[in-house]
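**Student:** Given next are the chains, with one letter for each unit.
There are 2 protein chains.
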Amino acid sequence: MAVSTLSQNGIIADLAKKVRVAAYDLSRSDVQQRNQALILAAQALRSAETAILAANMQDLASAKVSDAFKDRMTLNHDRLENIAVGLEDIAKLPDPLGKELAAWTRPNGLKFKRVSVPLGVVGMIYESRPNVGADAVGICLKSGNGVILRGGSDCHHTALAIHKAMKQGIIAAGLNPDIIAMPPDSDRQHVTDMLHATGLIDVLIPRGGSSLIHFVQKEARIPVLAHAAGLCHTYVHQAADFDMARSIVANAKMRRTGICGATETLLIDQAIAKKLLPVLIKDLKALGCRFVGNQEACGLVDEIKLASSEDFATEWLDSVLSVAVVKDIEDALAHIARYGSGHTEAIITQDEQAARQFMDTVQSAVVMWNTSTQFCDGGEFGFGAEIGIATGRLHARGPVGIEQLTSYRYEVLGSGQVRPK
Amino acid sequence: MAVSTLSQNGIIADLAKKVRVAAYDLSRSDVQQRNQALILAAQALRSAETAILAANMQDLASAKVSDAFKDRMTLNHDRLENIAVGLEDIAKLPDPLGKELAAWTRPNGLKFKRVSVPLGVVGMIYESRPNVGADAVGICLKSGNGVILRGGSDCHHTALAIHKAMKQGIIAAGLNPDIIAMPPDSDRQHVTDMLHATGLIDVLIPRGGSSLIHFVQKEARIPVLAHAAGLCHTYVHQAADFDMARSIVANAKMRRTGICGATETLLIDQAIAKKLLPVLIKDLKALGCRFVGNQEACGLVDEIKLASSEDFATEWLDSVLSVAVVKDIEDALAHIARYGSGHTEAIITQDEQAARQFMDTVQSAVVMWNTSTQFCDGGEFGFGAEIGIATGRLHARGPVGIEQLTSYRYEVLGSGQVRPK
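Chains A and B, in that order, are what the protein sequence lines are. Yeah, the first sequence ends on 421 if you go by the UniProt record's numbering, and it's all consecutive. Yeah, the second sequence ends on 421 if you go by the UniProt record's numbering, and it's all consecutive.
If we strip away everything but chain A, and leave its shape as in the complex, we get (with noise of 0.2 Å):
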């Protein structure tokens, strides 16, 4: 492992070096230590608010990209405000290090412990929200990561403002500075750089667009925690509360249209469609959704217009529904086997038996009875803080908070025993 981990070279490689050897002392630093580093980052980025902004003026002046990009880019007092907050929550959280996960003790006296560690050094892959790196560091630092920090070409003088910082915070809660790391300049040689760094970077957790986590979980050689869509469904059982169907499904597309948590696809029971549907329509219409919808939906509702199969497998980010009225659970499920992201599904219904059958056959992260798709965020799970949303199978699914950044060790206790044979 060592040999073929040294022949790499590079800006990445040698930024991945340090930022392992960093990240080692870090394991075994104290949560004391961590959480006065996150508070110290936090009044280091306040005290650096005329730089951070000026450095975010100057990514927006030159970038050319849209309104709603320049809207995500665009940082101010408050925002800098709010990435401040959140580093001071973070160090509020339970320390995630050095949890004793599991102990037994065998027929032959050994004993055993299973003992949470971190994961090592964390590959952060991003487009241009600004505090997505600041929460990449804090979510690390608190659990005892490296982290190496390649934000969107758009933002880099805001990332590196942002990122030198928070450095000056590491420093002075007397921690090495070199467990957060960012390449000098945005070539995009660094995230190929990245995706093949076996053996320096343990991790790869990517945010942004379908097509930038499209082309990681393409490329990578290293395993990445993420999500590529969240074409979640809501399905309104033919035993739901109507009133309740109602409130949720409003709140499940609208509440925000952009979130990868939000529903894009409403299913409704045939048996409750013609009187249930004409008002969860105008209910979603009042809010400003337009409407795609199978045959008979359309049949019912006018603003519904007819869906191409490709619309049900379009995660809209805005604020477009697809609807499908289905002949039952069954026909519900296989809608969700076919066009879903394994993001997260919800059943409203009143009926425990149907809301049992959809929890035990939906095959996604997060499904949920009776609420809104919209709850699927680290902090709604009470989790403090989340780096992202794993939608994969392996290591961690759903929200990716501090507990998912960690791994496990065993420790094994004799007293001389051999093993036998």
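Do not take every clue at face value.
As the list claims (entries may be wrong) - Which bits of chain A does chain B cover? Going by a derived footprint, with three or more residues having C-beta under 8 Å, they are: (1) 43 to 50; (2) 103 to 115; (3) 144 to 153; (4) 162 to 168; (5) 173 to 184.
Claimed, not checked - For lysine-lysine, the following PhoX-like pairs were computed, each having C-alpha atoms within a straight-line distance of at most 20 Å: (6) K275/B with K285/B; (7) K305/B with K285/B; (8) K305/B with K282/B; (9) K327/B with K285/A; (10) K275/A with K327/A; (11) K274/B with K218/B; (12) K218/A with K218/B; (13) K285/B with K421/A.
Everything labelled a hint here was simulated from the structure, so no lab data went into it. We treat Cβ as the ideally placed atom computed from N, Cα and C, and that holds for glycine.
Got chain A; can you put chain B on it based on the hints?
**Tutor:** Here is chain B on its own, set in the frame of chain A:
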């Protein structure tokens, strides 16, 4: 997700799609039925003994490999019986599925549960031990996973005969036999296709020599659970009990030299080396071991030849031991950090503080105190059976048993909650 998956074609893709459908049903099956399939598969192996041993003779007749390799390939009545008993033992293990791993309620009344589920489809790539494929089927079946087996071409007929018998057992238990699959021939392209089967295979488990493992780790586009090497260290600290050290070192090195948990390097404190090292070497020499070592070691015992630094990076898997006399525990830890493969390391000492320092500092999957590294084995851990040992940090580390082949899903139970703001 659905779209990219469906666009893949070829023998492996077609097999994998069938396996996934069957695995989905298996994931919802009753544990009694899965246990019954294991028991009936064991019976089917016994009934098919004549055909399996004939296929094995055919493979052996045409294999152009070393005698040691031929021995690993060879099946006989006893070895086949061991495979069958192994399946019956797996049937006796507790069900790893549907376990409530965690449960909590949020202030808004939402109830969260984390429940164990299968990983999905396992891709098993192995060399020529016929038991590896059968064990893998047993472990996957128990844990609700489908499995695609790709064994070494030298043993293809044996693997096919075993596979055919096990399918009969699965059918007899009323389960879909598509949960296990094997490509029809030993074309090497199948391996490449498995490595690239994103969305079709959830995890790859390679078993075999380090060149196979390195190849899989380098080329795979999907997660891999494996250990590339088992360069395990036993460190005899100055506060070791000498008798205990003698018995543990002899066992750790020589009980079986070809397994990944065998100790490859002995580290011993300067302070006791003059007195203890000659005794340890004498013990080992009597068992047939040869030695390379650093200058200090060579200076103390004639039998030790001067090692190159490459020797310390070598997993001997043979009756050869690398020996380094070290200044102190810091020196020992530095040696392990430089040459270790992240598998298993042991300290022999009566000094609890030194043991604690060793266990907190070593970054390997398994750290041991006063016992033999040869205990790094799923059976010895109490897992009942293992499909491999992992040294990565994502998902599972150490022995991979039925529990390690599970993932989880979140169930979120509401009563109409919608997300505010």
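**Student:** Taking each numbered hint in turn, which are not upheld by the structure, reported in ascending numerical order?
**Tutor:** The structure conflicts with hints 1, 3, 4, 5, 9, 11, although it agrees with all the remaining ones.
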